[in-house]
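As you go down the protein sequences, you meet chains X and B in turn.
Sequential numbering from 15 applies to the first sequence in the numbering used here.
Sequential numbering from 426 applies to the second sequence in the numbering used here.
By construction, these hints were calculated from the structure, which means they are not laboratory data.
Here the structure is a predicted model, which means the values were calculated and not measured.
By construction, the Cβ of each residue, glycine as well, lies at the ideal position given by its N, Cα and C atoms.
Not one of these hints is a red herring.
A partial selection of chain B residues facing chain X, derived with a Cβ cut-off under 8 Å:
1) Y1063
2) M1067
3) A1073
Not the full set, but computed from the structure, chain B residues with beta-carbon under 7 Å of chain X:
4) A1049
5) L1060
6) A1082
Residues per chain are reported as follows:
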Amino acid sequence: MDLNEVLKSTFLITPELSLILTGMILMVLDPFIRNRFKKELFWITALGLLIGFALNLNRFRYTESAFAGTLSLDEFTAYFNIIFIIGALLATVISRDYIEKTALKHGEYYALILFSTSGMMLLSSAREFISLFLCFEIMSVSVYILSGFNRRSPRSVESGIKYLVLGGFSSAILLYGIALIYGASGSVFLDEIASRFNMENPLYIAGTALILAGFVFKIGAFPLHQWIPDIYEGAPMTVTGFMSVGVKAAAFAVFLRVFFEGFSTLEVQWMQILWVISVFTMTIGNLAAIVQRSIKRMLAYSSISHAGYALVGIVASYGEKELGLSSVLYYLFAYTFMNLGAFGTLAYLSLKDRECEMLEDISGLWQRKPLVAIALGIFMFSLAGIPPTIGFFAKYRVFLSAIRAEFYWLAIIGILNSVLSAYYYLRVLVYAYMREEQMEFPAPQPLSAFAIAILSLGALILGIFPLYSWELAIKAAGSFIP
Amino acid sequence: MLVWIVVAPLIGVLVNGVVFASGLWKKLLNGDEHTEKRIVSFVGCGVILASAVLSTLAFLKLRLTDERQIIQELFVWIPSGELKIGFEFLFDPLSCVMSLVVTWVSFLIHVYSIGYMHEDRSYSRYFTYLNMFVFFMLLLVLGNNFPLMFVGWEGVGLASYLLIGFWYEDAEKAYAGRKAFIVNRIGDFGFILGIFLIFFVFGSLNYQEVFSRALSPEFMDAIPQAVITTIALLLFVGAVGKSAQFPLYVWLPDAMAGPTPVSALIHAATMVTAGVYMIARCNVFYSQSPTAQMIVVGIATFTAFLAATIAITQNDIKRVLAYSTVSQLGYMFMGVGSGAYVAGMFHLVTHAFFKALLFLGSGSVIHALGGEQDIRKMGGLRRFLPVTSITFLIGTLAISGVPLFSGFFSKDEILGALYEKGYGICWFIALVTAVLTAFYMLRLYILTFEGKPRITEDLKHHIHESPPSMLIPLVILAVLSVAGGYIGIPEFMWKSIGIEGENLFERFLSSSILSTEQITHHALPHGSLTHWGLVGLSVLAAFVGIALAVYMYAITPLLPERLTEKPIVSILYRGSYGKWFVDEIYDLVFVKTFVNLSKLLALFDLKVIDGAVNGIAGAIRALASVLRTAQTGLLRFYAALMAIGVTAILVYMILSARF
Chain X
15 MDLNEVLKST FLITPELSLI LTGMILMVLD PFIRNRFKKE LFWITALGLL IGFALNLNRF
75 RYTESAFAGT LSLDEFTAYF NIIFIIGALL ATVISRDYIE KTALKHGEYY ALILFSTSGM
135 MLLSSAREFI SLFLCFEIMS VSVYILSGFN RRSPRSVESG IKYLVLGGFS SAILLYGIAL
195 IYGASGSVFL DEIASRFNME NPLYIAGTAL ILAGFVFKIG AFPLHQWIPD IYEGAPMTVT
255 GFMSVGVKAA AFAVFLRVFF EGFSTLEVQW MQILWVISVF TMTIGNLAAI VQRSIKRMLA
315 YSSISHAGYA LVGIVASYGE KELGLSSVLY YLFAYTFMNL GAFGTLAYLS LKDRECEMLE
375 DISGLWQRKP LVAIALGIFM FSLAGIPPTI GFFAKYRVFL SAIRAEFYWL AIIGILNSVL
435 SAYYYLRVLV YAYMREEQME FPAPQPLSAF AIAILSLGAL ILGIFPLYSW ELAIKAAGSF
495 IP
Chain B
426 MLVWIVVAPL IGVLVNGVVF ASGLWKKLLN GDEHTEKRIV SFVGCGVILA SAVLSTLAFL
486 KLRLTDERQI IQELFVWIPS GELKIGFEFL FDPLSCVMSL VVTWVSFLIH VYSIGYMHED
546 RSYSRYFTYL NMFVFFMLLL VLGNNFPLMF VGWEGVGLAS YLLIGFWYED AEKAYAGRKA
606 FIVNRIGDFG FILGIFLIFF VFGSLNYQEV FSRALSPEFM DAIPQAVITT IALLLFVGAV
666 GKSAQFPLYV WLPDAMAGPT PVSALIHAAT MVTAGVYMIA RCNVFYSQSP TAQMIVVGIA
726 TFTAFLAATI AITQNDIKRV LAYSTVSQLG YMFMGVGSGA YVAGMFHLVT HAFFKALLFL
786 GSGSVIHALG GEQDIRKMGG LRRFLPVTSI TFLIGTLAIS GVPLFSGFFS KDEILGALYE
846 KGYGICWFIA LVTAVLTAFY MLRLYILTFE GKPRITEDLK HHIHESPPSM LIPLVILAVL
906 SVAGGYIGIP EFMWKSIGIE GENLFERFLS SSILSTEQIT HHALPHGSLT HWGLVGLSVL
966 AAFVGIALAV YMYAITPLLP ERLTEKPIVS ILYRGSYGKW FVDEIYDLVF VKTFVNLSKL
1026 LALFDLKVID GAVNGIAGAI RALASVLRTA QTGLLRFYAA LMAIGVTAIL VYMILSARF
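Chain X extracted, bound-state conformation (with noise of 0.2 Å):
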């Protein structure tokens, strides 16, 4: 690799490179500035993700490849990349008035914030395993350290250990995976891979069911779901709202890549699996969800279901190549918003010692805060999957592509999970919205708010027009299907 590919290359991952480059800027300057101009750091934060962001659409003009092949970035990359940093976007502006409520400290939050995205960043393009791992951990590391952010509640630092060992043990796992096919293959290239892939030998299944595995537990589904409701649960809110949209996303982006490039010799095979860790991973979610009387770990349920439903649309494919992954494409897209929308919403009516997260506390919201009690509504709404929000659009596309596929049941079963969910969600607006009990509700935050409404209108608009975004992800899953 001489150094004109070298240059060539970076100049290819600029969108990412502009994240790592702010973040550092933070590092450097957090500890020459006064403690209480340290929130105006998040101006710095947004300028880096908006830079990101605009460098990626480039994207979608061109596809190449980077550093000898170790990065493929295209359409598919483009696509997940709006996705984390349209997360990663709200989550910090959310963040910056929820670490002021709750007297955290705001210079390293950022930093963590962006490295972890430009790991989600990276991952989306990897496609060879060294770099995928390390990617996997600049992302898996961040978001451990940013689960266990608030040091002065035991169950923060509970959530970010119980992470860490966990991650830790899933990234083994991952790892023994990556090890068996490379003793197989002799490569960690997976197009070389995919071109020895040989079904007599092993090693090769051994260490793709390991991958598989490595990846369920990222992407929080059956049977590695169990870790989800009590780190979720224990993050600071802010933290479980970017982690729950940004890193589950990630890791579908990179389990998409992985075993539809390298392991497709073995695809009937995973498809098996993956369907009847689908409609568990559903049910599952639902059913637990069902039971919750916190909001915030009912979400952490309800985003396992989430995993679920997207996981369908991955089995569907098998039969719809391009509306299937489309559709899953367009669901995390979608989910992105209600999902980040729905935890940024108890961020914003979260107090310093009291964190908005039981059914009771939100308790007469549409009396006190109308604006924020409809845009609960949207989220709530969308997440149940009831028109005209982007929700239902994407449960359409989704359960519509397992029909064409034929997978009747699965389709049959994702749809009785969905009437089940609109249950637990609806019932989050029966307090919002018909109990009278007056809580007490923080002062306006006007960035909040700002974002708060971004996303909901986005839910909104996006549902009811959402034929653009739907032929983005058409576009992203045909520059990525062989």
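Starting from the known structure of chain X, arrange chain B on it as the hints suggest.
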């Protein structure tokens, strides 16, 4: 330009609705009520005036165009397979007449409302609804396909419901609103089935396409006569609901619960005539189905007669007018049903003038008496309300068919058409109805304005003529009630006085009547002598009715009471006074049966369906609680579960890849 005719009232709805009726102005902007009322009146009337002026300009433009129609396409509204429904407007003579009547009469009534509703708390809500009504009515009239007409059709139904129940705190008024809405549903069901059938048969819903196919012999040869009859009758079911014909007329008298200007605009002049417009629009179907025509004329005649017999004994001033509206709508349907589309439309126009006038006049009386509607407690009001009484008298004479007033020309056209088309019995009943009409209208006038005042002494001091904003519309409508008839003076009358004139209204409208049999003028073989004979009979009918009423109520005021004591008259009187107990019969046959059936089904729903649903919910809850126990919070436990999970995936994968 056409689109602005429709959009103007919508702007009124948005401004008045969003800014004022929503409370935005009062609560958020802290605006005062006086300014609010001024702006609302200005916007509410202004948009209608704009619409009216635009309609007039479009009318002038239409006269200059050769093809006699203006079509404006906005966009494709519903693209779905072979079905393509455009959002487009049609301005041809028929819709031109309708939109001129709708906009100008609406404008007058809007102005009238400023005075009438001045004291009302929900002033801006009232104008929002009223503007909304005009918007939907214009959509109905100007739409160039059946779905658009249907949207307008349902929209005016909604506006009507909202305005009948405008004072919804009064349970009875809210009930009247619901009744109107539900009865109309029955008609709308027929209407929409008719639309489906049209699409099924003709493969389109656009007027030009459907009617040109219906007129081409090659196309029609393949379609059985019965299908066209079914279409015509299904559409007529819709008309029966909206235009209050037997058996669905029962909602209209109750609809008088709304404010009086609403009764004048919606339940007399415009909305209820939508059915007549629809049949005139679909004349192609009716002219090809003699069966449908016969049924339309039969029902119309029966309705006209029945409503007239009820009107002669009612004591509520608005109720008399309501039954009179039902009866007059019957006349219009006789016209369009017998193929005399122009005559029917002509009566629609003149009726819009004089019935709006009569309603507004009654509103002026009610306003002056502080809400009193019972004519037994009125009398002698001419002295107190000079303008109202004179204009009311003009309206009365117009509806009675006194020569030189507008009703005379239009009613005569219809009677002539009936006679000519061979509906002899219907013609005779219509003639008798004309006697009854003149009778009950004069009775109403005499009991209200003539004789000795029967109002309380206290009220006498407070009674006052209405403000100018109410009187000016009355005067203008009175002029129109006289002059409106002159646009349609038939040819033979011109000839008799030695002028080579023609029926202007007919000439203008003729290009909209596409059907081949266009018998609208009196082409009787017997020459103009028969014409004049028929005219003479209907004039006679009017005067007999008037003379009877004057004799009974002005000359010998005690006669009616003595008459009702005689056995046969007494039975008839009670029947008429009780509205022939149609409401009670409906209640017994339909409402009670339906409620009982519903109760039975509710039981099934409660026990069986809810039982099943609750059972499932309980089972799911139990399962969820079991799952919950797996969530211990212990790190080691989770790690163990994960290890099991990983192993499971590994084993499954190896097994499925091997075997």
